[in-house]
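Make a model of the complete structure from these sequences and hints.
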Amino acid sequence: MAVMTYLQAISEGLRDEMRRDERVFILGEDVGQYGGAFKVTAGLQEEFGEWRVLDTPLSETAIVGAATGAALGGMRPVAEMQFADFVSCAWDHLTTVSAKQYYRMGTPIPMVVRLPCGGGFSGGPFHSQMYDGYFAHVPGLKVVLPATPEDAKGMMIEAIRDPNPVLFFEHKNLYRRIKGEVPEGNYSTPFGKARVAREGADITIIAWSAMVHTATDAAEQLAKEGIDVEVLDMRTISPLDFDAIATSVTKTSKCIVLYEDTRTGGFGAEISARIMEELFETLDGPVKRVATLDSPIPFSPVLEKVVLPQVEDVITAVRELSAY
Amino acid sequence: MAVMTYLQAISEGLRDEMRRDERVFILGEDVGQYGGAFKVTAGLQEEFGEWRVLDTPLSETAIVGAATGAALGGMRPVAEMQFADFVSCAWDHLTTVSAKQYYRMGTPIPMVVRLPCGGGFSGGPFHSQMYDGYFAHVPGLKVVLPATPEDAKGMMIEAIRDPNPVLFFEHKNLYRRIKGEVPEGNYSTPFGKARVAREGADITIIAWSAMVHTATDAAEQLAKEGIDVEVLDMRTISPLDFDAIATSVTKTSKCIVLYEDTRTGGFGAEISARIMEELFETLDGPVKRVATLDSPIPFSPVLEKVVLPQVEDVITAVRELSAY
Amino acid sequence: MATAASENPKTRLRDLGLDREDAVQMYRDMLVTRGIEERGHILFRQGKIPGSFYTGRGNEGAAVGVSFASKPQDHLGPLQRDMGVHIQRGLEPWRVFAQYMGRVGGPTKGRDGNVHIGDIKLGIVGMVSHLPAMLPVGVGLALSYKIKGERDRCAFAWSGDGASARGDFHEGVNMAAVRKLPVVFIMDNNQWAYSTPGNLGYNTEHPSDRAKGYGIENVVVDGTDALAVYEAVAAAREKAVNGGGPTIVECVTLRMEGHAVHDDASYVPKEDFETWAAKDPIERTRRFLLDSGMTEDEDEEIRSGVKRFLVEQLEKAEASPEPDPSTAATGVYASPEELDTPHH
Amino acid sequence: MATAASENPKTRLRDLGLDREDAVQMYRDMLVTRGIEERGHILFRQGKIPGSFYTGRGNEGAAVGVSFASKPQDHLGPLQRDMGVHIQRGLEPWRVFAQYMGRVGGPTKGRDGNVHIGDIKLGIVGMVSHLPAMLPVGVGLALSYKIKGERDRCAFAWSGDGASARGDFHEGVNMAAVRKLPVVFIMDNNQWAYSTPGNLGYNTEHPSDRAKGYGIENVVVDGTDALAVYEAVAAAREKAVNGGGPTIVECVTLRMEGHAVHDDASYVPKEDFETWAAKDPIERTRRFLLDSGMTEDEDEEIRSGVKRFLVEQLEKAEASPEPDPSTAATGVYASPEELDTPHH
Ligand SMILES: Cc1ncc(C[n+]2csc(CCOP(=O)(O)OP(=O)(O)O)c2C)c(N)n1
Ligand SMILES: Cc1ncc(C[n+]2csc(CCOP(=O)(O)OP(=O)(O)O)c2C)c(N)n1
Ligand SMILES: [Mg+2]
Ligand SMILES: [Mg+2]
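Protein chains in written order, with our numbering: chain L, 2 to 325; chain B, 2 to 325; chain X, 267 to 610; chain V, 267 to 610.
Please keep in mind that the hints were generated in silico from the structure rather than gathered at the bench. Misleading hints may appear alongside valid ones.
If you want the ones that stay clear, here's a sample from chain B, every Cβ over 12 Å from chain V, calculated [stated by the list, open to error]: (1) GLU182; (2) GLY186; (3) ILE228; (4) ASP285.
DEER-style ranges, computed between Cβ atoms [to be verified]: (5) X/SER601 to V/TYR533: 41 to 47 Å; (6) V/GLU483 to X/LYS276: 43 to 49 Å; (7) B/PRO191 to L/THR251: 43 to 49 Å; (8) L/GLY50 to V/GLU549: 38 to 44 Å; (9) X/GLY597 to V/LYS337: 55 to 61 Å; (10) X/SER601 to B/PRO240: 40 to 46 Å; (11) X/SER601 to B/VAL312: 33 to 39 Å; (12) X/ILE308 to V/GLU483: 47 to 53 Å; (13) L/PRO191 to V/PRO535: 46 to 52 Å; (14) L/PRO191 to B/GLN222: 42 to 48 Å; (15) L/THR251 to B/ASP229: 31 to 37 Å.
Even for Gly, the Cβ is constructed at its ideal location relative to N, Cα and C.
This is the structure:
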């Protein structure tokens, strides 16, 4: 198996699937000759031409609306938002048209929207947001967030093949930082199946996207204190693998939900509420949440660090819960 | 005190505040001569003229963007979305500009967006939605949802005076159905203060907007079975009066969150998660949720009834929790 | 406004490459369209239609005329005044009635209502309420033809005069113009957007003059003249599929009823209704056909045929069951097999 | 493109109602603007600027020229290439440096970064990233003047050539056109939207030709000529405040650096950089001033004065503290008292 970055794995997933299936095409701002703001699509226009790697005007609504139309026309569009934050400009189309068309009209909308997301590098209020909680609240959309290179490739391929609109969250802070082994060839990673990122007996941390790494970093440190943390990488939150949560929480009886989206109303709340409803009796303490504070994401590194969840915040929460 | 409908109370709140403060103006589609799709602004253009009750082009983004600008220019805009559902077309402006401008720039944005919301009359997927859960997840926005005529007027006045963007959810199914006494004159109902809609000792139902009435209807029936339900009308979910929740749940030790927004990821999940975190030890059973099923809202009355929370659903949930 | 090349009925049809049967077919489709909506009104008053009720009275000629210029392989995204498109494309009226009443026989099986009709097998996308959100979708369909190299396939994307003020219109039309996509934009200019008159919605003479900002052409046509509409749209389609880029074809009519059933349209000047009633598209086509040789008897036969047909269709619709409540929240996500069903 | 009425330096200034001091002030503002951004580059390379870094090299003349045509009571919504606007309106450079470095002295106190600068006391709204979201906000400001009956107040709302493809542009410009609001739309046409050239963003000769779709005028002006920009904008402002409705003033320049610091702009033809370097707005203004009587010594004094000034300002910025971490998530909601503070 080749070792590659998270970013390279996404590119490879795209390239492989475009080679395999000529209905797959990419559209977005600066995705062509320039290869995208993060160079995820670099080289693809050379290989597949100007129409299958299409530079659009600065028009998020038209990008998503056209992707929906092209999906209806039998294509397999992959739309790029230059930053996940800009998906707010296509919010209406995704939630109104793409998400509901199958329920209403019976026509599947196989499309992918790529969303470079997340903070940690002074992107400020408009280049740092997670948007997963909003979309996981919309029936008809799938929300997937790989944390590793292997999953990044496999889930990209799965996303393209999925008959529904899939929001593919790629964490910018993983792009070049995270490397790992990636299987050759054209495999796909099924949605709705969590992965045990680290086995442990004492406390479960439920996480996804970059927070999986924050959780495992915390777990390594906590191991030295004798606290054995299990880290569950949800991989997708819509669909949600609640069985995996149940299995882990039944084992550990204590649980923390760690998410990078804004705390209040973020998807961690949903997970906590589900655990409340379905696993109340197995709990030896309240489910705690560690998440981004309820404010925009500030630019200054000093402020940003306070607002986004840090390894230390997780450690503190685990210690508290452990002592409960 | 005069008895009036929920709708009349909103109109009166608008009119009173426009008389008191000439900076207040209304903008939206068909709000002028026509008086708005639901006639909430009927008669106001006659009294205040074409510019203070401004008919706009069909342009939700420009309506909300212009409201933000007018607020910066010292006005007190009240923007109407013809149906709450269409706020998806202004999602970007509300979440990107209106919500974050004060945090970033220190300039308050005193504006109100009126959102005729909710289902129950075969409005179908695009004229029935609640949007409260989405917005309560956005730092910088306030989300308020009166359930009674008295609150409708007082909260409208409060919303106009609030120095922040306030999303004012008016439930269409309350407009003409719900009547009540409304104080004369210019009073305001503070945000972040829940109201005990019905006192009870056994189980707390937390609700807001139209669901308050669903809850009290259920409570009346359950009283006959000897189950004494307390109904808490949150009135606003951002800010959230968690103290009121704590007081009630500490008393009853059992709790149901009832909300009309889509179940998964709706704001009821947040409330359940907060109760988990802060009131875990007072609970004698898991917090249950009764909410709209995870699908678009169907048009057919037969289907819609299944998808939206009904009095019977609440009764069933209370009975179950009561037996826990 | 563009006027028809020839005023002589027979040469006019010939010039358009149509025969009398085509014109009769258009006439019949317009009659069916109006018949459906008139019966809809009755059903609504009978309490058989839940929710609200919208019609396109006055726009039957434009809708049918546009649709007649489409080819079977095309996709169309008609809106709330365009029932004629569905009918012309072959939607059986009973399915419209069933849709109105929320029955399983409707194209959305009771999941959506009223004019929110789509049947991809007929090439129709299925509008959402949010206007004009279907326009960028049409652009995406055109893009799919372009990428696949389908040379004689065209998308038709609608907007009203009012909805053309929305961002979706701008982004969609601009993208199509930049990429010269095979799409024709139809603008239903019925002079009102709910209660809002044109001059509060746009600042040009014609709403389709927005075209000038995209470097594309617009054509303004009398929307009560189905043949003129057909002609303009057929030409725009021809241009579009030959790489000439999109055109906005504006069909000028008057919305002859309220915005929806609850609206008495008292804000529309009475004289306007009178003026436009005199240009009724159906009567206009009828007279054209009489001038080109149809007898009054033939006309009577067509009309009564349509009536009988609609009575049967309505019966069929009323026999269509209510949806099964247990399916209410199912079918939110498609499963992979559904992708392999042969699409339109 | 519109050209200046007179080529003789002195009569040109007189024709514009300006004196030499005004021109010197513009020159100085342009020098300060470029000086700030050049130092920003160095600070970035020194690791003192977190995140990314954007400049407006080549656009200094347009930014300062527009701003010079505004009046103190006006509001402006400049974007990422318009540092000159902030400077011309009186923002002290140290506050820009502090903003770059995320210090409390910056207009956003470290909460936002780089070009996201606003100070309502100077009439500047404070851009968001999402383009061109500030445009409808400018329209709302103009609406507030109109409702209040403020007769000599005008809003200035910006868009790039690329961002004009977005719905916000359409909805905002259309609403302003329909209501003839006192707003001037500035279009920074620097020929690129990130890596995307104009012909993939719009389908007209000039991006401001979008004006034709709104029934308003556009003026295309050489954005390297600050005085020409001033002239066009002053006229547009005059028209706007007198009820003549909005104008789009397009300032044509070339973005002389990459989209942001990480972008080497290798997709821009070298020759273009050479051509436009020869039209450098600062050099152009310098030559104009020399032609109108400024001596080389005076010039030297101005330039070295600006340099010294910026060195001081930078020191002041570096002395500005990091924000207090405990304030990170405070100040999300305004309190009522803040509304009563006298606004701009
Ligand atoms: C985005 C959006 N906002 C508001 C509405 C409510 N609404 C439905 S139809 C309509 C008027 C549309 O006018 P026009 O585009 O001219 O079409 P017409 O109804 O006249 O055919 C309005 C405001 C909507 N459907 N979508
Ligand atoms: C809605 C939105 N989408 C994408 C971006 C990312 N982005 C920042 S600047 C830019 C190019 C803007 O081009 P133009 O409007 O011509 O302004 P310029 O940068 O050339 O001054 C892009 C795509 C953005 N800021 N906002
Ligand atoms: Mg209309
Ligand atoms: Mg540009």
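### Query
So which of the earlier hints does this model not fit?
Hints that this structure does not satisfy do not exist here, as all of them hold.
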